[in-house]
Every structure is written in structure tokens, then in C-alpha cells.
Amino acid sequence: MSNMRSRMYKAHVGCYPHVTNRGIRRDLQYHCSRLNLSKSSGPSYYLVLDQGTSSTKVFLFDENLNIPFKDHIKHKLERPADHQVQSDALEIVRACKELTKKALNYTQHVGGDISSAGLAVQRSTFLFWDKRTKKPLTAAISWQDDRSQDIVAGLANESDKIFNITGMPLSPHFGGAKFLHFTRNDPILKKSVLTQKTCFGPLSTFLTHCLTNTLGIDYSIACRTQLLDLNNIKWSSYLCKLFHFPNKSLLPLCNNVQSFGKMTLDGVTVPLNVVIGDQQAALLGQSGWDSGSVALNFGTSGSVCVNTGKNAVIIPNLLSSVLTADQEKMIFMLEGTINACNSLFYWLEKELNIDHKDMVWHERCMDESTNGIFIPGVTGIAAPYWKSGLGMVKIGLENAKKDEIIRAAMESIGFLVHDIIKQMDLKEALPDMLTASGGCARAPLLQFIADMLMIPVGHISLKDRTAIGVLQLLHKKNTGTYLAVGMDCDKIFEPKMSKVTREKKLKHWQHALAQVGI
9 MSNMRSRMYK AHVGCYPHVT NRGIRRDLQY HCSRLNLSKS SGPSYYLVLD
59 QGTSSTKVFL FDENLNIPFK DHIKHKLERP ADHQVQSDAL EIVRACKELT
109 KKALNYTQHV GGDISSAGLA VQRSTFLFWD KRTKKPLTAA ISWQDDRSQD
159 IVAGLANESD KIFNITGMPL SPHFGGAKFL HFTRNDPILK KSVLTQKTCF
209 GPLSTFLTHC LTNTLGIDYS IACRTQLLDL NNIKWSSYLC KLFHFPNKSL
259 LPLCNNVQSF GKMTLDGVTV PLNVVIGDQQ AALLGQSGWD SGSVALNFGT
309 SGSVCVNTGK NAVIIPNLLS SVLTADQEKM IFMLEGTINA CNSLFYWLEK
359 ELNIDHKDMV WHERCMDEST NGIFIPGVTG IAAPYWKSGL GMVKIGLENA
409 KKDEIIRAAM ESIGFLVHDI IKQMDLKEAL PDMLTASGGC ARAPLLQFIA
459 DMLMIPVGHI SLKDRTAIGV LQLLHKKNTG TYLAVGMDCD KIFEPKMSKV
509 TREKKLKHWQ HALAQVGI
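Just so you know, we're using the working numbering here: the sequence shown kicks off at 9 and counts up by one.
Hints listed in this document are in silico derivations from the structure and should not be mistaken for laboratory results. All of these numbers come straight from a predicted model, not from anything done at the bench. There are no misleading hints in this set.
Derived CB-CB ranges, DEER-like:
| no. | residue 1 | residue 2 | range |
| --- | --- | --- | --- |
| 1 | LYS169 | VAL524 | 24 to 34 Å |
| 2 | GLU71 | LYS205 | 42 to 52 Å |
| 3 | VAL321 | MET441 | 21 to 31 Å |
As a list, the in silico BS3-like pairs of lysine-lysine whose alpha-carbon atoms are at most 25 Å apart:
| no. | residue 1 | residue 2 |
| --- | --- | --- |
| 4 | LYS410 | LYS365 |
| 5 | LYS110 | LYS82 |
| 6 | LYS484 | LYS318 |
| 7 | LYS78 | LYS109 |
Yeah, the Cβ is synthetic: ideal placement off N, Cα and C, and Gly gets one too.
Please build the complete structure, drawing on both the sequences and the hints.
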């Protein structure tokens, strides 16, 4: 084909020596199109958007897992009052569009193209928006927000039934309670929902609606509405009635891997073929395809995720949800979430009056020790205790230095990982070594987790596992196969704490929880 193209070019110039270079290019493009040649003979990429709690990232991947281009844009996370955490949804849409444009500019610069795109999104962030104009009618109410505690308290008698239906503990973090809180306090908003002029849904749905004009909710994030029956993967009429959610306003349910429409920016069209929750993507990015796979991920928040295969496994105080779904099958996962990881240290910067550039928490607590306990409850405690409105609690740290307080805060994450793993009751199913990813997966934390669990914990050398999880789904849709992704660790942390010290620390932790009513 290349020889044919060369001969055609020479013949064209020979016959029409007076033709300008512009004319040659235009006519050559015409002949190439007649021969069904691709407009781009350069590299082809997958585009991944990773939309997180405080920023949005973009990645271009090639077939060899190289990332020739990546960028990010931060957005504001506002705290207008106690228990309220929110963002400007349009600011996030603008970030997604700007980053996609930058990626498109790169591909055009190198003569390449984008075959398809995927989107990973923070999960329990919800908002209301106008169905026609796509204008937000509320802020994007963060998964960290627990202003709907009153709704949860009023439904306490229904909590067991809710859990058995959804696989999710009743919590102000999820969609049902958020919806009822806002519609109870805003009659105009309630009326607009009833007349189907207003949509309520997760941030992922709002983004796809704005980017591709597609309105639907993928299964992995639909679980976070607390309206989905995990037993039959359908909307629950009982839960809709309980949360006063009109059936006519329910969003269409979608597989994670399917066509979500096309993004068109600057005249270039890119198909959006994957939408998935960020922690689900992180598990898949750690090669968590097989049933029994376990992964730790620590970013703004944290999670312990287990692939449970074709069946949902429901365990009290943990979360069961869809891991991923396509037209062939649906896979489930069991999860324990930790509300505050990196966000915990951001909070400590203000609390302890430490500049962000000077925090470097992993260095501050590397050689530090403490007998005190820090309970990270400013956005509530999630798995396995589900306690809201707690605030930050410090016990035995009254005269502690800043670095000791930071150390105690870090240890709280490790204690919660221990308690989640214990609640999962994995026993012999627990692997010989756990792997961890994410920006908060730093050396002192992973060492402490290894000490608490008494098994090695490895830090995965290849970064951006959430984006890689999306990449895998895109590649599978395009080719039918997954990419071979390495699981090499650049550091493995072996348990080294004595059994006596470990048991003493765990006892202090449990005693502190009891003091605050957990």
C-alpha cells in the first residue's frame, strides 16, 4: 500500500506540475479516502478521564501501557458549614472538556488519533440538574457530605431491610438520603422532580449527560443511590417509596462497558465506551479480574476491595456492589471504605497550622511513635462502624507534638484497614501478600498495615491504577483481550512489630472507639 501511495503522489505531481502544495495535499487526501486509507497513519490512543474528589486527570495510553500525555486540573472543594462538603459541577465539566481538548491537541500534534475514551468517577457524589438545559440546580454534594443525618436517623428502623436489599449500610453518604434531604427542604425542587423537569443522579451521570448527551447510570455507581436491589439488579419500588423517589424519575441502568455516546470537541468526535466508579477501576487496575482478588487503594479516601465473582457477598457493615458489567457478564465486589486518607492530612494542615509544602506527612511520622489514638471522624467513620457526626477525636495526645499527632492520624488508617479485613473474614482466602496503590500509599502507612495484618504489603511500582483499570475495559471492548499489566512492587513491607506491641495498640484502638460510642 505504501508503494501505491508513493506512485500515486509522483504521478499526480508529474501530470500537474503547476499544482500548489495545498492542492497536492487536498487531492492526495481525496485519493486516500477513495482507497479507504485511514486519515491518521500515526499512533492510536485510548483516552481516560479519572474524575476524583478534588481534581480531574486525563491520560493517553498506547497499546504498550505507555502514557505519552497526561495532565490534571484541580477544582474547589467547599465546606460551607459543618457536615457539608460540595463542589461546583460545572467547574468539573469544564475541567473534563479542557483536559480532553489538550489530549486531542497532543494527538493531532503527533499525527495520531483516539480510538475510544473511558471515564472513572467518584461515586457517592450527587446533584440535581435541569433535564433540558443541563444546568445544575444544586452543588455536587460530595460523598464526604453527611448533612442528611436527620434522614438516616428517621429511617433507623428500616436500616436492616435497606441493607439486605442494597448490600449498603444506611448512610447519609449515599443518594437516597441526600435526595430526601433536599426535596424535603426545597418544595420547588421537589415539584420539578415530580414533573420530570429535573434529574437527580450521581456526578458520573451528569458528566455523561453534559459530554455526550446520554442520560443513564452505570451499575457500579447505581449501587450508591441506595435505591438498587442488589438481589435482582433492578430499581427497588420499596426503596423508592421509602426515600420518596418518583419511579418516573429513575435513570436508565447501563452496563459499565457500552456506548455512552460520543464526545465532540473542536470538531473531533471520540466515542465514550466505559463509565465506572473509581474504586472499582482501581481494583481492576491492580489486575483484580479473578474472584478472590484483593486490593488496597489509598487516595483522598481509601478502600479495601475484594472481587467476589458472579455472586454478591453481603456481610454486615461492609459494602457489596457491582464491580463491572458488560453485555456478557456482571462481576461483584465486597468493599470496606475509609472516608479520610489524604483528606485527613489536608485537614491536619489547617488544624496544626502547617503549610501544605511543609506537611510531607510520611516523612514527619516515619521515625515518630505514639501511644495515643486519633479517630478520624470529621466526615464520619465508614466501614466497618458507620458513625456520622463524630468529628476528630484525640485520646492520649493532649501534650503531643505535631509530628506525633500526625503519626497517630496515620495509624488510624491502618487500624481501619485491619478492622475491615477482620470483618471480611477472609481467613485462608487472604493472599500471602497484599498490594497497595494510590497517592496516600506511603511507606510508613504500608509498614503499619503490614504490622497490623501480620502479612507483607507491597507498593505497586506502576502508578495510576484507576486509569489503568479503565484502560483494561476499553482494550477488552476493542480487542476482546486484556492487556498484560505488571504487578511488580518497588518495595515490600514485611511485618516487624512484636506481637505484644501489636496487640497492645489494637486494644488501645478498640478502647478509644468504645469511649466515643462505637
